[in-house]
Amino acid sequence: MRRMLSRRRAAVSGAAIILLAALPALSARRPRYGGTLRAEIGAAVSSLDPGGASANPEEAAAKAEIAALIYDHRNPDGTYSDPGPFRVSEWEPGKHLTLAANEDYRGGRPFVDAIEIQMRRAARDRVVDLEVNKTDLAEIPPEQARRAADRGTQVSTSQVDRLVALVFLAGHPAASDARLREAIADSIDRDAIVNFILQKEGEAAGGLLPQWSSGTAFLFATVSDPGRAKELWQQIAPSPKIVLGYDSDDPQEQAIAERIVVNAREAGITLTLRAISPSAAVSNVDAELVRLAMVSPQPQVALTSFLGVLNPLAGVNPDPLPDRASPDQIYESEKAIVRSFSVVPIAWMPQVYGLSARVRDWKVPGPGESWPLADVWLDGSGAAAAQGNP
Amino acid sequence: MASPATTRAQNAAPPAKWSEAVQALAGKIANLAGRSRLISLEVKNISSLNAADGAAIRQALEVELTQRRFRLVPATSAEAKVVVTLSEGVSGYIWVAQVGGGAAEQTVILPVSRTEASTKDAASGSLVLEAKLVWQQAGKFLDFAELSAPVGFSSMLVILEPDRLAYYHSTDAVNWQFWQRVPISPANPWPRDLRGSVSGDSGDVSLPSVRCTGALDPAKVQCAPDRGRSTSVKVKIPGHEESESVLLPDRCGEESIVLSTGNGDWTEPDSIQGYLLPGLDQNARVSGAPIQMQGPVISLSCDLKQSGAHAIVHNLKTGNYEAYVVTATCGR
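Chains as they are written, first to last, in the working numbering: chain A, 1 to 390; chain B, 1 to 332.
Simulated from the structure, these hints should not be mistaken for laboratory data.
Incorrect hints may have been included.
Claimed, not checked - Listing some non-contacts, in silico: residues in chain B with all C-beta distances to chain A over 10 Å:
hint	residue
1	E20
2	A30
3	N31
4	L38
5	Q67
6	K81
7	S91
8	T107
9	R164
10	G214
11	A215
To be verified - Calculated pairs, DSS-like style, for lysine-lysine (alpha carbon to alpha carbon, straight line, at most 27 Å):
hint	chain 1	residue 1	chain 2	residue 2
12	A	K335	B	K140
13	B	K28	B	K44
14	A	K335	B	K44
15	B	K28	A	K335
16	A	K335	B	K81
17	B	K44	B	K317
Stated by the list, open to error - If you only want the chain B side, here are some residues facing chain A, beta carbon under 7 Å, derived:
hint	residue
18	E88
19	I94
20	G319
Bear in mind that the values here come from a model prediction, so they are computed numbers and not experimental data.
Built from N, CA and C at the ideal position, the CB exists for glycine as well.
In isolation and in its complexed conformation, chain A is listed as follows (with noise of 0.2 Å):
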């Protein structure tokens, strides 16, 4: 039997501070007030203003990621309001970005005083920034990773969140056969992709949410079927020619576009790759490798975020969902879009940031949340222990 707890309500109620005998000691967690955080990101951003057109993707991320620290709204039409935590200090387009503290901040004001952001830093070069302690934040290559850990960076990964996909586009004829698309979708070795290409810093992707989120992403399969994908193609003819584009800034998308090419062709597919530039209109390709971050953690959010991206390129149009979906109807959801191929799941990847050693209370973005820069605190840096606004 358990026995009955006896009441000492007493003994805590009269005392404002009771001091303990010992526990395991432990490290520190309070957070401290001071010093400047520097950081480095790949994007040149040219303006801050957060409607003004972005030369590509990264920078159009950058931008997002600024703003969301000078400004404390994004209201649904997509502009911004209200003061941030940080303001303006000094700002050198394509450059420079420095962002102090706002001291009135509603939200309270950032435990670092100010934020130093370096512009146009190549991936290679933000790795050996972080290893010699030139910089304090920086996001890198999922590939990367393991490299930078094992030599002394702190590494910070999020739960995979990015999904990189085969999108064969609507409209053209020589992709609308549903047996050549099967085809190429069986020939596709995941596992190679995640082992070789992304250092195993991923996923193979069956499904079009990940399985934390889901929980129903291990009913997909993601073993390839070279067998099945020769006995389709052989189905099919005269055999057509199929052009797969990928972004040409991306060496990562050229890498998997290169694998899928050498999968196909044992498979007996002939695939052609074709670089295509972010602001170029895509064109005079039959599919297009695609990646696309989740907005949020929620599965019928998310998937319905990638639908809106989907739609226009593939011409997917599964049955709307209603509003509070079941896990039994974003599952049949998803379901229909796979088994249609016209999208092709490939690989989860996560977001990998790389840290110095002084960053503290860092939690790397999960989908839809912005760098945490107001609530990181740098130890060591003399910054007195917060007791209360400085």
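Place chain B on chain A using the hints.
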């Protein structure tokens, strides 16, 4: 508060919290199996459920299916193969049954809520901690108070957020409906690491430089700048100053009970560990298994009314802030 001791044999029985879900899943499997009476059952656990819960769920499912006149046989002699996967998504557990196989395979998916964590399997003679999820929301909050009411009357839940007291009411203390709010306007911006507490026992609301009066009655509560000192009880443990620690009002025999969080920062999952303290000047000793939380415990405070602790957890999987009542019982 007292409850019968549990033996290992009893632990193998289906936990009451799963019985409803097991019945629902068995019903769905029965519908798909149709006229097949000889079925095989394979249960895979790819969720965070521990092995004991997985085994108990399997056993309960076997009992349910047998009661529905199915006979469980090896896969080689089954008329229908049933594979159940205990999975998990961001919103809770997902139990999936695949019935049949090959092209004829049919799938049912059952969402199962994830509302409780406990250390009921802890060794005897040690503290057993239980954490009951009371509330979760996307926005940050600092503390909460549950004000219970007689059966048939509405219970009240007060959530202390940085800029308001939010009131919810419920007839079953499970499904809460928003009722009203009382704004809180500090004279100066809050510190980034804002802390605050609300007591269902005394009606006190404590925030830096703000005092709320009115005993939590939403018609009377008023919050105004105040320079008075906070009177909340803090537990300071040498070598442990920066973790969240709380001395519970109850005792385990002659020993005091202390709960303390782990040693991570606010970016990683945390745990709550129970300690027993023979005397305030003696060393505390670890007792029982810790409760693993799905994010950092950002606040741990004593709840005199419920003789437990309030834990506010920032769930790193969902991004939500969660309110738990953590209770400790001592086993023999």
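Checklist line | Status of the stated non-contact between R164/B and chain A (beta carbon gap over 10 Å) | finding: At roughly 13 Å from the nearest Cβ of chain A, R164/B sits farther out than 10 Å, so the non-interface label holds.
Checklist line | Interface-negative label, E20/B against chain A, beta-carbon threshold 10 Å | finding: 17 Å, holds
Checklist line | Non-interface claim for G214/B versus chain A (Cβ beyond 10 Å) | finding: Check passes; 21 Å lies beyond 10 Å.
Item checked: 10 Å Cβ clearance of Q67/B from chain A -> Non-interface label on Q67/B holds, nearest chain A Cβ at 25 Å vs cutoff 10 Å.
Notebook entry, point to check: Taking C-beta pairs only, is T107/B more than 10 Å away from all of chain A?
Noted result: 7 Å, violated
Next item on the list: Take a quick look at A30/B and tell me if its Cβ sits farther than 10 Å from every Cβ on chain A, holds or violated.
Entry: The assertion about A30/B holds, with a minimum of 17 Å to chain A.
Notebook entry, point to check: Is the hint on E88/B kept, meaning its closest Cβ partner in chain A is under 7 Å away?
Noted result: 5 Å, holds
Next item on the list: Using Cβ atoms only, decide whether I94/B comes closer than 7 Å to chain A, and label the hint accordingly.
Entry: 3 Å, holds
Next item on the list: Take the C-alpha atoms of K28/B and K44/B, compute the straight-line distance between them, and say whether it is at most 27 Å.
Entry: Holds. K28/B to K44/B sits at ~18 Å (cutoff 27 Å).
Note to self: If I take the minimum Cβ distance from K81/B to any residue of chain A, is it greater than 10 Å?
What the structure shows: 16 Å, holds
Next item on the list: Would you settle whether the hint for G319/B is holds or violated, based on the nearest Cβ-Cβ distance to chain A being less than 7 Å?
Entry: 6 Å, holds
Next item on the list: Below or equal to 27 Å on CA atoms is what counts here, so check K335/A against K140/B.
Entry: Answer violated: K335/A to K140/B is near 36 Å, above 27 Å.
When held up to the earlier numbered hints, the structure conflicts with 7, 8 and 12 and fits the remainder.
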